[in-house]
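Chains as they are written, first to last, in the numbering used here: chain X, 1 to 107; chain E, 1 to 107.
There could be a bad hint or two in this list.
Which copy is meant is left open, because identical chains are indistinguishable; a pair holds if it fits in one copy or across any two.
[Claimed, not checked] For lysine to aspartate or glutamate, the following EDC-like pairs were computed, each having C-alpha atoms within a straight-line distance of at most 20 Å:
(1) LYS54 to GLU71
(2) LYS54 to GLU92
(3) LYS54 to ASP97
(4) LYS33 to GLU20
(5) LYS99 to GLU81
(6) LYS99 to GLU71
(7) LYS99 to GLU24
(8) LYS33 to GLU48
(9) LYS99 to GLU87
(10) LYS33 to ASP74
(11) LYS54 to GLU96
(12) LYS99 to ASP74
(13) LYS99 to ASP36
(14) LYS33 to ASP47
(15) LYS99 to ASP47
Just so you know, these hints were derived from the structure itself, not from any lab.
2 protein chains.
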Amino acid sequence: MRITAGDIIAIGPGKISLLEAIDETGSLTAGAKTLDMSYRRAWLLLDELNGSLKRPAVTSAKGGPEGGGSELTDVGRQLIELYRRIESTAVEACAEDLKQMLHLLAR
Amino acid sequence: MRITAGDIIAIGPGKISLLEAIDETGSLTAGAKTLDMSYRRAWLLLDELNGSLKRPAVTSAKGGPEGGGSELTDVGRQLIELYRRIESTAVEACAEDLKQMLHLLAR
Chain X
1 MRITAGDIIA
11 IGPGKISLLE
21 AIDETGSLTA
31 GAKTLDMSYR
41 RAWLLLDELN
51 GSLKRPAVTS
61 AKGGPEGGGS
71 ELTDVGRQLI
81 ELYRRIESTA
91 VEACAEDLKQ
101 MLHLLAR
Chain E
1 MRITAGDIIA
11 IGPGKISLLE
21 AIDETGSLTA
31 GAKTLDMSYR
41 RAWLLLDELN
51 GSLKRPAVTS
61 AKGGPEGGGS
71 ELTDVGRQLI
81 ELYRRIESTA
91 VEACAEDLKQ
101 MLHLLAR
């Protein structure tokens, strides 16, 4: 599930998984690694996410990515919670139609 | 909203809008044009979509893209209907959480 507002803002599985990985590992570098994501891609995703929010989802301690570690803000935690709840509510509400759609797919 | 099954199959707004545009215009070329999409991108999207389905969503008459025109199959129509219904059901079921998520976004 990917939430878009206009063409610009998108909250999707990549950004949410990244937030969860940062939360688990305490750093952007380590979080990216658990997702098999390059540091560069993770940094860009997070930069885009923070730029689309009123307040950032992650703060980094001084010392840079290697030195300081990263921590989720309240906004970051709220985003994860909302996204995961929206995902499960939507899947539940649409179960029958999703099943029919899966029947059309060759797998 | 984008529906993924594993990493490979994705039904999202681009493919569904393309099906709708082909249905309205009767051809891939004209459909792509109404979406400001290159013919090449439209062809690739449709090829990927057809490849992910048990039966194709669109059939093209002989004569190629310029000559023959394209038509939706029953599967194509079903996909549009299911996708649009899933979308509206999900938005309705998640209205409150989506509203809260939008509040976090800078717009």
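Hints and how they fare:
For the identical chains of this complex, LYS54 and GLU71 are intra-copy neighbours only, at 17 Å inside a copy versus 45 Å across copies, given an alpha-carbon limit of 20 Å. For the identical chains of this complex, LYS54 and GLU92 are neighbours neither inside a copy (30 Å) nor across copies (25 Å), given an alpha-carbon limit of 20 Å. Within a single copy, LYS54 and ASP97 get their C-alpha atoms only as close as 35 Å, which misses the 20 Å cut-off; across copies the closest is 17 Å, which meets it. Taking identical chains as interchangeable, the C-alpha atoms of LYS33 and GLU20 lie at most 20 Å apart only when both belong to the same chain, with a minimum of 13 Å there against 40 Å between chains.
With identical chains, the CA atoms of LYS99 and GLU81 are at most 20 Å apart between copies only, with a shortest distance of 14 Å across copies and 25 Å within one. In the homo-oligomer, the alpha carbons of LYS99 and GLU71 never lie at most 20 Å apart, since the shortest distance is 38 Å inside one protomer and 25 Å across protomers. Taking identical chains as interchangeable, the C-alpha atoms of LYS99 and GLU24 are never at most 20 Å apart, the minima being 33 Å within one chain and 27 Å between chains. For a Cα distance limit of 20 Å, the shortest separation of LYS33 from GLU48 inside one copy, 19 Å, qualifies, whereas the shortest one across copies, 30 Å, does not.
In this homomeric assembly, LYS99 and GLU87 come within 20 Å of each other (Cα to Cα) both inside a single copy, at 16 Å, and across copies, at 14 Å. In this assembly of identical chains, LYS33 and ASP74 lie within 20 Å of each other by CA distance neither inside one copy nor across copies; the values are 23 Å within and 44 Å between. When the C-alpha separation of LYS54 and GLU96 is checked against a cutoff of 20 Å, the pair qualifies only between copies, where the shortest distance is 19 Å, while the shortest distance within a copy is 37 Å. Taking CA atoms no more than 20 Å apart as the test, LYS99 paired with ASP74 passes between copies only; the shortest distance there is 17 Å, against 35 Å inside one copy.
Taking the shortest alpha-carbon separations for LYS99 and ASP36, neither the intra-copy value of 30 Å nor the inter-copy value of 32 Å comes in at or below 20 Å. Taking CA atoms no more than 20 Å apart as the test, LYS33 paired with ASP47 passes inside one copy only; the shortest distance there is 17 Å, against 33 Å between copies. Taking CA atoms no more than 20 Å apart as the test, LYS99 paired with ASP47 passes in neither setting, with 36 Å inside one copy and 23 Å between copies.
Checked against the numbered hints above, the structure violates hints 2, 6, 7, 10, 13 and 15; every other hint is satisfied.
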